[in-house]
Amino acid sequence: GQQVMQIPQYQHVQEGEDFTTYCNSSTTLSNIQWYKQRPGGHPVFLIQLVKSGEVKKQKRLTFQFGEAKKNSSLHITATQTTDVGTYFCVRGGAGNMLTFGGGTRLMVKP
Amino acid sequence: DAGVIQSPRHEVTEMGQEVTLRCKPISGHNSLFWYRQTMMRGLELLIYFNNNVPIDDSGMPEDRFSAKMPNASFSTLKIQPSEPRDSAVYFCASKRRDSYNEQFFGPGTRLTVL
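From first to last, the protein sequence lines are chains A and B. Oh and the first sequence: position 1 is 1 in this note's numbering, straight run, nothing missing. Oh and the second sequence: position 110 is 110 in this note's numbering, straight run, nothing missing.
Among these hints, one or two may not hold up.
Facing chain B, according to a computed beta carbon distance under 7 Å, are these residues of chain A, among others [what the hints assert, rightly or not]:
1. Tyr10
2. Pro39
3. Gly40
4. His42
5. Gln48
Pulled from the structure, derived: some chain A residues nowhere near chain B, Cβ distances all over 10 Å [what the hints assert, rightly or not]:
6. Asp18
7. Asn31
8. Gln33
9. Glu54
10. Lys70
11. Asn71
12. Thr77
13. Met97
Derived CB-CB ranges, DEER-like [claimed, not checked]:
14. A/Ser52 to B/Thr112: 43 to 51 Å
15. B/Gly28 to A/Ser26: 18 to 26 Å
16. B/Thr38 to A/Val50: 42 to 50 Å
17. B/Asn50 to A/Gln80: 33 to 41 Å
18. A/Met5 to B/Glu102: 18 to 26 Å
19. A/Gln80 to B/Thr38: 37 to 45 Å
20. B/Ser66 to A/Gly41: 21 to 29 Å
21. A/Met5 to B/Pro84: 24 to 32 Å
22. A/Ser52 to B/Asn52: 31 to 39 Å
23. A/Glu67 to B/Arg85: 40 to 48 Å
These are calculated hints, taken from the structure and not from any lab test. As the structure is a prediction and not an experimental result, all values here were calculated from the model. Built from N, CA and C at the ideal position, the CB exists for glycine as well.
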């Protein structure tokens, strides 16, 4: 299936630093979702973006959908140790299909 | 409300043995998904059901894998015979008919095939 590419694969930050992960697709996306998976846990839905140029915020997390609907980003302000985990951008597809990107693993040093 | 329930949580078996993973979706959800997660391949969709009917099984790796959903509250994923390369975490997820694409994942079954 058509993939979404995420960068970086891994990111170490000092607690309090900001963090950004990027998601890119070669084709236009109908929507993009973001999930978080804590170490040893399961993916948990964070948000869905549908509109071109959409920006949504959840406390310290800011999600953006590109104007061309081919890319998205997740920015975390002032990371905390509770932010540790892998963040996946997920392509919504026909019917109920979801295609997960490779994820960005965030590690936060206290 | 109880979330998606999976059993067993951990399974260790020997190559050639049959393995059955079980899933109970959230009550009222009419779509169910089976995923496999490995370090090498990430999170892959294996198969999904709508209203107990398999819709897309293109992700099922080979004939050794089969999945059933006999009713709205139960699904199984079977591997027969199992091989060491099947070792992975298998997740089940479910979704409501009237929601957009948000899926609720179970805790997963960690399978080790020796």
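Hint-by-hint comparison with the structure:
1. Tyr10: violated (12 Å)
2. Pro39: violated (12 Å)
3. Gly40: violated (9 Å)
4. His42: holds (4 Å)
5. Gln48: At about 6 Å, which falls below the 7 Å cut-off, the nearest Cβ of chain B leaves the hint on A/Gln48 intact, so it holds.
6. Asp18: Given that every Cβ of chain B is farther than 10 Å from that of A/Asp18, nearest at about 25 Å, it holds.
7. Asn31: Violated, since 7 Å does not exceed 10 Å.
8. Gln33: It is violated; A/Gln33 is separated from chain B by about 6 Å at its closest Cβ, not greater than 10 Å.
9. Glu54: Non-interface label on A/Glu54 holds, nearest chain B Cβ at 14 Å vs cutoff 10 Å.
10. Lys70: holds (18 Å)
11. Asn71: holds (19 Å)
12. Thr77: A/Thr77 clear of chain B: closest Cβ-Cβ about 24 Å, beyond 10 Å.
13. Met97: The claim breaks: A/Met97 does not keep its Cβ more than 10 Å from every Cβ of chain B (closest is about 7 Å).
14. A/Ser52 to B/Thr112: 43 to 51 Å: holds (45 Å)
15. B/Gly28 to A/Ser26: 18 to 26 Å: Taking Cβ atoms as reference, B/Gly28 and A/Ser26 lie about 37 Å apart, which means the hint is violated.
16. B/Thr38 to A/Val50: 42 to 50 Å: Roughly 31 Å apart at Cβ, these two residues miss the hinted range, so it is violated.
17. B/Asn50 to A/Gln80: 33 to 41 Å: holds (39 Å)
18. A/Met5 to B/Glu102: 18 to 26 Å: 23 Å Cβ-Cβ, so the 18 to 26 Å window holds.
19. A/Gln80 to B/Thr38: 37 to 45 Å: At roughly 29 Å between Cβ atoms, B/Thr38 and A/Gln80 fall outside 37 to 45 Å, so the hint is violated.
20. B/Ser66 to A/Gly41: 21 to 29 Å: Holds: the Cβ-Cβ distance is about 27 Å, inside 21 to 29 Å.
21. A/Met5 to B/Pro84: 24 to 32 Å: holds (29 Å)
22. A/Ser52 to B/Asn52: 31 to 39 Å: holds (37 Å)
23. A/Glu67 to B/Arg85: 40 to 48 Å: holds (42 Å)
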